[in-house]
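Protein chains in written order, with the numbering used here: chain A, 170 to 364; chain B, 301 to 844.
Since the hints were derived computationally from the structure, they do not count as laboratory data.
Any given hint could be a false lead.
Said to hold, decoys possible - Once the Cα atoms are required to be at most 30 Å apart in a straight line, the calculated DSSO-like pairs of lysine-lysine come out as:
| # | chain 1 | residue 1 | chain 2 | residue 2 |
| --- | --- | --- | --- | --- |
| 1 | A | Lys311 | B | Lys787 |
| 2 | B | Lys717 | B | Lys757 |
| 3 | B | Lys757 | A | Lys248 |
| 4 | B | Lys717 | A | Lys248 |
Stated by the list, open to error - Some chain B residues well away from chain A (every beta-carbon gap over 12 Å; in silico):
| # | residue |
| --- | --- |
| 5 | His334 |
| 6 | Lys648 |
| 7 | Leu766 |
Everything numeric in this text was worked out from a predicted model, so none of it was measured.
Think of the CB as a built atom: it goes at the ideal place given N, C-alpha and C, for glycine as much as any other residue.
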Amino acid sequence: MLPLISHWLTQLVIGASLLLLTASVLGKITRYLTQQLTAQKSLVNRINRALPQTQCGQCGHPGCLPYARSISLGEASNKCPPGGQETILALAELLNEPVRGLDPAHGQFRDFSVAVIREGECIGCTKCIQACPVDAILGGPKLMHTVITSECTGCDLCVEPCPVDCIDMINHLAPAISHTTPPYSDLRSSLGANT
Amino acid sequence: MSTLKQLASKFLGHDSVFARRTAGGIQPPPFKEHSLRSRIMSTPIPPQLTIPIGPESSGEITRLVDIADQVLKYQKLAVISFSAKGRSDVPVHAPTSGVITSIENSIVADHSQQQQLCINLTVDGHDEALLLKPHTNHSQLSSADLVALIRDAGVIGMGGAGFPTADKLSAYSVLPIEFLIINAAECEPYISADEALLRERANRVVLGAEILKRACAAQRCIIAIEDTKPDAIAAIKQALLNEASNQQCCELVIVPSKYPAGSEKQLIQCATGIEIATGQHPTEHGIIMHNVGTAYAAYEAIIEGKPCISRFTTLCGQALKTPKNFEVLIGTAVGFLFELCGIEANKKQKSIVGGSLMGSELGNDKAATCKTTNCLIAASSNELQAPKAERACIRCGYCADACPSKLLPQQLFAFSKTLDTTQLLEHGILDCIECGACDYVCPSQLPLVSTYKESKKLIETRRQSLEYSDYWQQRFQFRQYRVKKEKDQALSRKLDAPLQSMQAAERAPKNKNNEADFISKEQASRDIAAAVARVKARRNEKNK
Ligand code: SF4
Ligand code: SF4
Ligand code: SF4
Ligand code: SF4
């Protein structure tokens, strides 16, 4: 009887220690993975912060954040025309890469400009509103539209969809933001979006 | 220390022998003797004045007069409000009587040489003035009253920064002020306006200092002056003796002469031993500093009730036959002043506003003087260093020895070349006071300061564009959130379709009425067709 119990006990001990071992190994693996993930995330964050947030899509991605993700996975970092040389330099420094010129396939540098609608010609089709990535256009169906200059990022996306070609991009010294407190900070946290 | 100091001042008069040494500094030849040869002269009234109000970008400008208005001397012409920056308003007054001919942007002779909105006044020569309200009994006015009067007189920092004096003074309401320092160091070569002012009108400056001291409720007032100005020192001592009955109003501290002894942090350290760290403000240590010219303006504002319509400016340079210190009406053209000093136009190579080390080149002699124009130099070619070829940095370290802010100029220069803003900030570029001492000593003729100025600009644009991009990112995220929410709502509407249609049926009759208010559908489609046709026509034309 006794050997049987001891055998049983040994088995129990071995089983328990095995279980503990797997648990700790698994824990380590998950910890490692999450670390990798957060590192990746913070890299994406930093890349995204170096991008100009014009959200124009010239890089071939629907917005700056997706491009930042793609850069972190190895895509070339010289595809953002609105960022200018500044962004290219900043990204090269961040990623420890040699500085390259802008990839001409994605456009050219140009000065900051904002969209202006020639209001008399606007037919109120609302197409530009749907194109604008930052809701900088005001208007309603069949009513005149206008661009809120201080919100416009100069991304150019509203020009193409306009069926009557009444949107011009006009050079502007610098963005005209006139706010002091970020209006959507609470919303941002509720979206869990700090990237 | 302070008892020692009191003892010392008992024996040695008001001099303090305890001025501390500060880091770095250079001793360039002063070149002040020419302009100090004659007494201060008031300029004759010029036929035309261009009175600067301020750069339109810096604040909100309210005009109180219009074109073709007849104005009197001392009349308030405009107010620039800095309320967006949490500062108060600065009014601008007419320096003499005349008619407003235009209000437009023009170049102003100050360090930044930005365009400023200016009022052009054609002088009528009568010099008809409004009646002034003097307050000879200033000791009966409260601090707040004094500050209000100084604000209303449009007094700003006369040393060069041009910060509204009243705002600096009202710091006392937040933090207790121990020291008011009157900056009479004036260490930069060529500039001698403060020295001349003290030499001739020390009594008024001391009174002005006393007013400022009361206005900011400071416990002590120190007049700090360089040891190379014996006449001015003697004049202040005399003035202090005259005021002595008025129990110890000010103390005199004599600082060793070196450039830049007169820059804010350096002078504070020299006079009080307190070191102001990066990003700190002197008021946090209970210190306020004002320029001699500001003290004089405060005297005029209170005792004479006179708004700030003039300032003291040094006119010098080898292209002038008679260099001088002038009491200049604000808005006088630089060229007019040069004429008064007998300019030899063929000798003049460059006009410089400010001193020889921190000054900047003035592109146009039509520029108007403003409240911060302390010196104008008509430089001849042998005064200016011929631009020598710039060579590589030899790492001699002279610049680091000369730097009053204890920076490493050669490192800053290298980082500026690679646009490495992170390193620049770490090496304290924001502490650089742009004094030019490093430029002066550099054997390799490197353009150090101008490079730092560019770098500072770059840092500022980077900071700004981060601000913009943060905002745009938020807007982008908000839009994505909005689009998603609307989609979800549309979906749930579809799921509730039967209910919806019932509700719609209830609302239907109302809708019909509303439609009459809008343009009819046919009308709209006709409009669109017409617009599309217009565009087509235009495109065809372009193609042809
Ligand atoms: S190209 Fe446009 S969308 Fe892409 S990263 Fe640059 S600004 Fe953002
Ligand atoms: S208004 Fe036009 S150019 Fe400006 S952000 Fe919107 S889509 Fe871009
Ligand atoms: S200009 Fe700047 S770096 Fe050069 S000596 Fe002056 S404070 Fe130092
Ligand atoms: S003084 Fe000029 S040469 Fe000497 S270390 Fe400084 S920058 Fe270089």
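Each hint, compared with the structure:
Between the alpha carbons of A:Lys311 and B:Lys787 the distance comes to roughly 22 Å, so the proposed pair stays at or under 30 Å and holds. In summary, the hint linking B:Lys717 to B:Lys757 is supported, as the alpha carbons are separated by about 14 Å, within the 30 Å threshold. For the given pair, B:Lys757 sits about 26 Å from A:Lys248 by alpha-carbon distance, which is consistent with the 30 Å threshold. Between the alpha carbons of B:Lys717 and A:Lys248 the distance comes to roughly 25 Å, so the proposed pair stays at or under 30 Å and holds.
No Cβ of chain A approaches the Cβ of B:His334 within 12 Å, the least distance being about 43 Å, so the stated non-interface status holds. Against the 12 Å criterion, B:Lys648 stays outside the reach of chain A, whose nearest CB is about 34 Å from its own CB. Residue placement check: B:Leu766 does not keep its beta carbon more than 12 Å from all beta carbons of chain A (closest about 7 Å).
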